[in-house]
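S.K.: If you follow the hints, you should be able to join the two separate chains into one complex; please do so.
As given, the protein sequences belong to chains A and B, one line each in that order.
So the first sequence is numbered by UniProt numbering: it starts at 1 and just counts up by one.
So the second sequence is numbered by UniProt numbering: it starts at 1 and just counts up by one.
Bear in mind the hints are in silico, worked out from the structure with no lab data behind them.
Glycine included, each C-beta is placed from N, C-alpha and C at the ideal position.
Quick partial rundown of chain A residues pointing at chain B, CB under 8 Å, derived from the structure:
id, residue
1, Val11
2, Gly12
3, Val13
4, Ser14
5, Val17
6, Val26
7, Lys29
8, Val30
9, Gly31
10, Ser32
11, Gly33
12, Asp70
13, Asn71
14, Met72
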Amino acid sequence: MPKAKVTFEDVGVSVTVPAGTRLIEVSEKVGSGIIYGCREGECCTCLTKIVSGAENLAVPSILEDQVLKDNMAPRRHRLACQAQILGGEVVVRPA
Amino acid sequence: MAVAALTDLAVEVAPGVHWVGALDPHLRSFDIILKTANGTSYNAYVVRGENGVAVIDTVKEGGFADDFFRRLESVARYEEITTIVLNHLEPDHSGALPELLRRAPQARVYLSTRAQMMLKALLKPSGEKPPEYTPVTTDDTVDLGGRTLRFLHTPYLHWPDTQCTYLEEDGILFTGDIFGCHFCDARLFNDRVGDFRFSFEYYYTHIMRPFREYVLDAVALIEPLDIRLIAPAHGPILRHMPRDYLRRYRELATPRLFNEARSEKTLLVFYLSAYGNTRRMAEALAAGAESIPGVRVSLYDLEGGDADIFTDLIEEADGLAFGSPTINGDAVKPIWDLLSSLTSVNIKGKLGAAFGSYGWSGEAVRLIEDRLRGLKLRVPVEGLRLKLVPDADELEQCRNLGESLARHLTGRIEHRELDLAAIA
Chain A
1 MPKAKVTFED VGVSVTVPAG TRLIEVSEKV GSGIIYGCRE GECCTCLTKI VSGAENLAVP
61 SILEDQVLKD NMAPRRHRLA CQAQILGGEV VVRPA
Chain B
1 MAVAALTDLA VEVAPGVHWV GALDPHLRSF DIILKTANGT SYNAYVVRGE NGVAVIDTVK
61 EGGFADDFFR RLESVARYEE ITTIVLNHLE PDHSGALPEL LRRAPQARVY LSTRAQMMLK
121 ALLKPSGEKP PEYTPVTTDD TVDLGGRTLR FLHTPYLHWP DTQCTYLEED GILFTGDIFG
181 CHFCDARLFN DRVGDFRFSF EYYYTHIMRP FREYVLDAVA LIEPLDIRLI APAHGPILRH
241 MPRDYLRRYR ELATPRLFNE ARSEKTLLVF YLSAYGNTRR MAEALAAGAE SIPGVRVSLY
301 DLEGGDADIF TDLIEEADGL AFGSPTINGD AVKPIWDLLS SLTSVNIKGK LGAAFGSYGW
361 SGEAVRLIED RLRGLKLRVP VEGLRLKLVP DADELEQCRN LGESLARHLT GRIEHRELDL
421 AAIA
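The following block holds chain B by itself, in its conformation from the complex (with noise of 0.2 Å):
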């Protein structure tokens, strides 16, 4: 990390425009699932109005905390802040904000509807109450004077309270997380700092990712601004043509499979074997499912791959089904790598099932059956326990399920009338 280059001061991002961040470059894992190796920022920014000056975001609190104060008093005094835009409100954007409401009272905070609630939670442990605040949507603006900031509700990006905020008449616009990346270099601007690609990715895969038709309405909405900056709440201000990245963006969270398979329902048969009778089963399952006009079906052995394969393959799924044996009582590790593996996908509302031969006990369905249900999938077919090797019956009652399974990713299902004493 180039260190040296950096004061204590602020640093001017166009006339009137600071960053006020703090860096951080020693920290190397992010919210416990993101790995950096060299660091990151914590980027803050102070717009000057001729009516008032405007802190957008703040930093993680403790040294950070004091850097930021440092840099902000190097360009505005306290008493002069009217305004303070919380982008997005976790804990490494908003821990120096107690500080700067207890230095700044006379502030009014800008937030999306959706922050309300978390910045009461945030400011909790403080035993203050919160501060005089707006909530805000697209279109709202704050006049500081010659210079508007006007708000984008872009949420999900990557909590529910993110937002956007676009400085009109310099046409710079303050991302929060989106456009952002866990890199550290102290001289901050994306034309300075060398190549960062595999960082911006990476941050994108990891966080963005499984909020992919958020990203695509957020560019949706972005796209039409006269962009000249983009200021990011983490790693190089985007200064040097950031239409690029705003179009990498677009790139990364448009849905594969879009041109060539709309028109049909995928349904992804994942099956671990010891025997070959869950094998067996995916087969019919299959072979059931296929039979069904309008949908897709693969069948993939979960020897024969690792989680980063099926997760892509998964994204773009409507319907998956994992087969597993029973072994001492519970579903065989593969399952359960994949199935911990899909927080960087989107996988709400897919169809999800559960099948397997067991020798003896056959915990295994049920147990897939509760850990679809607890990432959101829906399950609306119960799945199939079949002791050992699957006979000539049974295979057909796989087809079935299969049937069935095509059936409810099409919409061919036919009503059912049931008495909740009956299911319970």
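Isolated chain A (complex conformation) (with noise of 0.2 Å):
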């Protein structure tokens, strides 16, 4: 299977994961500070800075892209419920 890597900046690890490993999945693991509230892409309680590797993740659904809009997301910004790492490297941060 494809392998991708994660990095989360504000704990200092980096994790090899599967190709399609959504953020949700690995963060909570490794006790990064982005936090959750309904799980599902709502609340955006989840926003994330990705600081670099955007490209590695899959683009936002529409529902996604409202609910970033709507909470006035800035730039680089995704919801970790939701985004999905599809290969390379990712590094993010809690927003």
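M.R.: This is the structure we're talking about:
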């Protein structure tokens, strides 16, 4: 299975993950400060800054796009409960 | 409550500005978590301009809506209403909205960007399509003809959707829930209702305190304005010395340790111990954490205080470690009492950890960690469970846990490379 690497800057941890893994599946396991509310892409609690590698994430769904817009999320921010790592390297930190 | 003084008519707040709210003197419990000894009010307002009439917020549904419409009809006709402003969509302020929209279908609704989804959810049961609405943010305006409504984006006070609306020419600020309180008095104005400070502060503590960073943002937006009257959505209308209430909000929301400990991170270690084993773990953990420069550690035995005191401490802390023995497969009750008392402060993103001695099965540590994650703390270091009496090596593990927590607090962590399969 293709692999990808995601780094959580706030806790200094890089994790090798299977391609297709969502950030939410990893961040709590390593104790990152990314926090969650609804876990369904609606509340925007898990807004996360993509420090680098944004192109290695699946493009946001229409719903995620709308939630980001409604919450006036800055550029290069995603919902950790939705963002899927497709490959390569991604570096993130809590928004 | 002074009931006799209030009529069914709207009450003038300023020329062309009327209170059209409703009183609920018999309410004793609000949103389950708040008590009130004399009820509350649902304040709504009408502003008349040369080219239109604005209704600012509505009231709870039921008999309160009847009062609202009766008062509204005493100062405006439905066909005159051009503008409906929703500063906050919680049902106690939006209950009469569906009916108002039926009676004034031509009116355009103005609300914050984050309120849009809530508006649709609120109107679901009526089966009607949402009204024409405009999402607004700071400095967007509506011209009523000689009168201008200017919006202020003040989210999370106390929902994501909240905003304030400033009537520029009159210096009147319609604030939604901020500066409000559950205090019911038909005399309506702060200079006429007597002393209601207890209610004002109680409301802040239970509703606004968890959002104090947002309170400070809002206060900073409001302070430069010429404020002659604050019109909140609950409780007395603040026309006498309104800036006093603004100042008080700033005082209440300002972090207490701002000046004395900004250069240090605070780690609080709470514990309970039946036979002294979890206490020894707590002391070793604290000593380990204290060995890292830039961390101030304090130890507290939960048997020696109650949740209120510890809540204050927790609000100002950066990290929290909880030690509990396992008794009958669970952490002990004072831990759960404390962890269920923290809704009045913002603990999101603080560092959390758990530890404890056990004699048999040792579930407490994992249960506490799960609860900490549920409360949106980050738990970067796995907790420590030790069977019965910790020996020297085990106390060293406790020290190491403390050092690791302190490194996380101060950002002195060594980079680690992991594989998801190994941590799943």
